[in-house]
Amino acid sequence: MKNISIIVAIAENYAIGKDNELLWHISDDLKRFKKLTSGHTVIMGQNTFDSLPNGALPNRKNIVISFNKDLKIPGCIMAYSIEDAIKKCDTNEEVFVIGGGSIYKQFLEIADKIYLTLVHENFEADTFFPKIDSNKWSIIEQDDFIADDKSKYAYSFITYVKK
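Going by my numbering, the sequence shown opens with residue 64, and the numbers climb by one from there.
Treat the hints with care, as some may be off.
[Stated by the list, open to error] Computed list of lysine to any residue pairs in SDA-like fashion (alpha-carbon distance at most 25 Å, straight line):
(1) K81 with T190
(2) K81 with A217
(3) K213 with Y178
(4) K215 with K135
(5) K94 with N83
(6) K176 with C152
(7) K213 with S90
(8) K168 with T190
(9) K65 with K194
(10) K97 with E184
(11) K150 with I136
(12) K151 with S90
(13) K226 with K213
(14) K168 with H103
(15) K150 with K215
(16) K168 with S144
(17) K215 with N198
(18) K151 with L134
(19) K81 with A188
(20) K213 with N185
Everything labelled a hint here was simulated from the structure, so no lab data went into it.
Based on the sequences and whatever the hints tell you, model everything.
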């Protein structure tokens, strides 16, 4: 059985993006993302891939889910459903689901862990993360950070595990 983890940064109003772009820049969040996902498989939707400034993420196995079966992306493994994406992962490794909104929604039911960055602000957005059901998920770790010269927003790193 694979260990499926979701990694996501959300606002207080569950916003994650607008016009296929992130809503904020928090350097420590990007560093955490890189540290956690390097050396692992990352699964993303085609829109998330299209939003990456430099294409496939280095030092990771990139799986892109698309409805277009003719699409081939250099440096990526193509999948055409979440089941197909899971089959293309190595056994027993921790796999990271990195977006976007519809991909998160589909994986939330089968994920084991959520690495969440909560930005303590509300944003106008067109893409949102699903609500996290406290009856299904427990917080096992939380680190809080205040706004400072490195980040204009206060934020928290929160790790959830499925109950």
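Each hint tested on the structure:
no.: 1; hint: K81 with T190; in the structure: 6 Å, holds
no.: 2; hint: K81 with A217; in the structure: 20 Å, holds
no.: 3; hint: K213 with Y178; in the structure: 21 Å, holds
no.: 4; hint: K215 with K135; in the structure: 39 Å, violated
no.: 5; hint: K94 with N83; in the structure: 21 Å, holds
no.: 6; hint: K176 with C152; in the structure: 17 Å, holds
no.: 7; hint: K213 with S90; in the structure: 7 Å, holds
no.: 8; hint: K168 with T190; in the structure: 11 Å, holds
no.: 9; hint: K65 with K194; in the structure: 24 Å, holds
no.: 10; hint: K97 with E184; in the structure: 23 Å, holds
no.: 11; hint: K150 with I136; in the structure: 19 Å, holds
no.: 12; hint: K151 with S90; in the structure: 31 Å, violated
no.: 13; hint: K226 with K213; in the structure: 35 Å, violated
no.: 14; hint: K168 with H103; in the structure: 21 Å, holds
no.: 15; hint: K150 with K215; in the structure: 40 Å, violated
no.: 16; hint: K168 with S144; in the structure: 13 Å, holds
no.: 17; hint: K215 with N198; in the structure: 32 Å, violated
no.: 18; hint: K151 with L134; in the structure: 17 Å, holds
no.: 19; hint: K81 with A188; in the structure: 5 Å, holds
no.: 20; hint: K213 with N185; in the structure: 19 Å, holds
Comparing the model with each numbered hint stated earlier shows that hints 4, 12, 13, 15, 17 do not hold.
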